[in-house]
Amino acid sequence: MNDQIRAISELDRVIHEPGRLMIFVLLGAVEECDFLYLLRETELNKGNLSSHLSRLEEAGYVEITKTYRGKVPQTILRLTPAGRGAFEQYLKFLKSAF
Amino acid sequence: MLGIPRLIRRHITWPRTGYVKYPSGGRDVRRKRTALFLVAGILAGTAGAGVAILHHVDGQRDWLSLLWIGNALIGVAAYAWFVYRFLGPVHPWKWFVLVFMALGLLTIAFIGADDILAARWVMGWFIGGVWMASGLVTLGLLIRDQKPLTPETA
Numbered sequence: 001m002n003d004q005i006r007a008i009s010e011l012d013r014v015i016h017e018p019g020r021l022m023i024f025v026l027l028g029a030v031e032e033c034d035f036l037y038l039l040r041e042t043e044l045n046k047g048n049l050s051s052h053l054s055r056l057e058e059a060g061y062v063e064i065t066k067t068y069r070g071k072v073p074q075t076i077l078r079l080t081p082a083g084r085g086a087f088e089q090y091l092k093f094l095k096s097a098f
Numbered sequence: 001m002l003g004i005p006r007l008i009r010r011h012i013t014w015p016r017t018g019y020v021k022y023p024s025g026g027r028d029v030r031r032k033r034t035a036l037f038l039v040a041g042i043l044a045g046t047a048g049a050g051v052a053i054l055h056h057v058d059g060q061r062d063w064l065s066l067l068w069i070g071n072a073l074i075g076v077a078a079y080a081w082f083v084y085r086f087l088g089p090v091h092p093w094k095w096f097v098l099v100f101m102a103l104g105l106l107t108i109a110f111i112g113a114d115d116i117l118a119a120r121w122v123m124g125w126f127i128g129g130v131w132m133a134s135g136l137v138t139l140g141l142l143i144r145d146q147k148p149l150t151p152e153t154a
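Read top to bottom, the protein sequences are chains Y and S.
The first sequence begins at 1 in the working numbering and counts up one residue at a time.
The second sequence begins at 1 in the working numbering and counts up one residue at a time.
The set of hints was computed from the structure by calculation and includes no laboratory data.
Using N, Cα and C, we set each Cβ at its ideal position, and we do this for glycine too.
Just to be clear, a hint being listed does not mean it is correct.
As the list claims (entries may be wrong) - Chain S is faced by these chain Y residues, among others (derived, beta-carbon under 7 Å): (1) C33; (2) D34; (3) L36; (4) Y37; (5) R40; (6) E43; (7) L44; (8) E58.
Unchecked claim - Computed list of lysine to aspartate or glutamate pairs in DMTMM-like fashion (alpha-carbon distance at most 20 Å, straight line): (9) Y:K66 x Y:E31; (10) S:K21 x Y:E32; (11) S:K21 x Y:E58; (12) Y:K92 x Y:E17; (13) S:K21 x Y:E10; (14) Y:K92 x Y:E10; (15) Y:K95 x Y:E31; (16) Y:K46 x Y:E17; (17) Y:K95 x S:D115; (18) Y:K71 x Y:E58; (19) Y:K92 x S:D115; (20) S:K94 x S:D145; (21) Y:K46 x Y:E32; (22) S:K21 x Y:E41; (23) Y:K92 x Y:D12; (24) Y:K95 x Y:E17; (25) Y:K95 x Y:D12; (26) Y:K66 x Y:E32.
What the hints assert, rightly or not - Far from chain S, some chain Y residues (derived; all Cβ distances over 10 Å): (27) K46; (28) S50; (29) S51.
Here chain S stands alone, though its shape is the one from the complex (with noise of 0.2 Å):
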């Protein structure tokens, strides 16, 4: 039973359609890209849990923070987003300015959990700079690559 899709690819679908392979790199990549995503997702994913759990325990019950914390959040995975879908092919070094973000707020909320008034403030301002670096940088090699018109000879 299951080798007649067999039979059919070599009798009949092959001489019809012709043979072709394709390049496997293509998948390769996407599943990397895939991978990275996830990873950075999860990182920021367990920043935020790290955070909010810490913030519960601490019995402050600033829900105004937590509301700050998932800005910086949003704040990735809106990053995260642009550089999955737009920006990955075109500036592969964005993944490694994901993965910093990511590490970064982790790196915030561990450190900055028992006084989370001041951390949500610097959660904020690191992923705005990061953003904006990122920003100026992509910036700064748009302009460095872009071509000068040619002034006409006569």
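In isolation and in its complexed conformation, chain Y is listed as follows (with noise of 0.2 Å):
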């Protein structure tokens, strides 16, 4: 098989799940930021976010903090370094098959 198509067989499949790549593609371009701010640009449902997060979590990729502003609940989100790390992989990857 060709290497550039074997490629795609090799993509992070957390990764590249629609929903998280949407994600990831929104954490990769910030700091940090929090549930309210992912929910308002991805369009997801508050339940279906959130199992996305947990998924990430899991896999190490993305760090969540519950904190309070003021007497608000808040959940911070950003990207661990192995997130991040295996983000770029994925892009390269799809970049080398293309």
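Join the two chains, each given in its own frame, into one complex according to the hints.
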């Protein structure tokens, strides 16, 4: 099989899912953001977004910090170094495939 | 009065739009690039001004020489624009080439100020040569990094 085509099969499936890819693109462009920001930008529903984030946290790609801003609970999200590395690797594979 | 926007941000804007913090690195890089671009421009301008003043003082009144020097400066400015707009992010080493160009021009201007007719040719060859060398290195890197298409296996 052509190496370039084979690269597609090596894509990280945790990142490749469209919902999670949106999260990666958004988190990759910022230092950190909160749950609400992602909710607005991705237009996913709360349950979907929450489950994707849990999946990414399990994989060690996203760091989730629960905090308060005044009296309002706030969930801060950021990519971990492993997450950034995996995303860069994902993009590299994707570019080499095309 | 000044606290009103902060009050609005805290109680209205934030809960509706979410919180986001952008990385500060990108802005710093842009600031550094702009500073380098300005420094290179100033160096090139200084070289041109130095030659023009020396030329005027020398009383040769050979305006054609100034035209040649102007061409060399346009060469540096065009290179600076290319590096700033297109090449800097891909080939950061081109910033050093730009500074080298400006410093080289400045050096030639001061060394050759006594014989401006000879200096104008050196300036032209110098700028042209550096442009050419820079382009050749870019081409070499492009060829080196180009991945050959993998032949299909049966």
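- Item | Given pair status - E32 of chain Y, K66 of chain Y, alpha carbons within 20 Å | Cα-Cα ~13 Å, so holds.
- Message: So, as I understand it, the hint says Y37 of chain Y touches chain S; can you test that by seeing if any CB pair is closer than 7 Å?
- Response: Since chain S brings a Cβ to about 3 Å from Y37 of chain Y, closer than 7 Å, the hint holds.
- Using 7 Å as the Cβ threshold, decide whether C33 of chain Y counts as touching chain S. 4 Å, holds
- Message: Is the interface hint satisfied for R40 of chain Y? The criterion is a beta-carbon contact with chain S at less than 7 Å.
- Response: With a minimum Cβ separation of about 6 Å from chain S (threshold 7 Å), the hint on R40 of chain Y holds.
- Grab the minimum beta-carbon distance between S51 of chain Y and chain S and tell me whether it stays above 10 Å. 19 Å, holds
- Given the proposed pairing of K21 of chain S with E58 of chain Y, does the C-alpha separation stay at or below 20 Å? Answer violated: K21 of chain S to E58 of chain Y is near 24 Å, above 20 Å.
- Query: Between K21 of chain S and E41 of chain Y, is the straight-line Cα distance small enough, at 20 Å or below?
  - Reply: 14 Å, holds
- Message: K95 of chain Y and D115 of chain S were given as a pair; does the straight-line alpha-carbon distance stay at or below 20 Å?
- Response: Outside the cut-off at roughly 55 Å; violated.
- Message: Does E17 of chain Y sit within 20 Å of K95 of chain Y, going by the straight-line distance between their CA atoms?
- Response: Holds, at about 17 Å.
- Given the hinted pair K92 of chain Y and E10 of chain Y, is their alpha-carbon gap at most 20 Å? 11 Å, holds
- Item | Satisfaction of hint between E31 of chain Y and K95 of chain Y, Cα-Cα up to 20 Å | 24 Å, violated
- Query: Taking the minimum C-beta separation from S50 of chain Y to chain S, is that value above 10 Å?
  - Reply: 15 Å, holds
Violation of the numbered hints given earlier is confined to hints 6, 7, 8, 11, 13, 15, 17, 18, 19; the remaining hints are satisfied by the structure.
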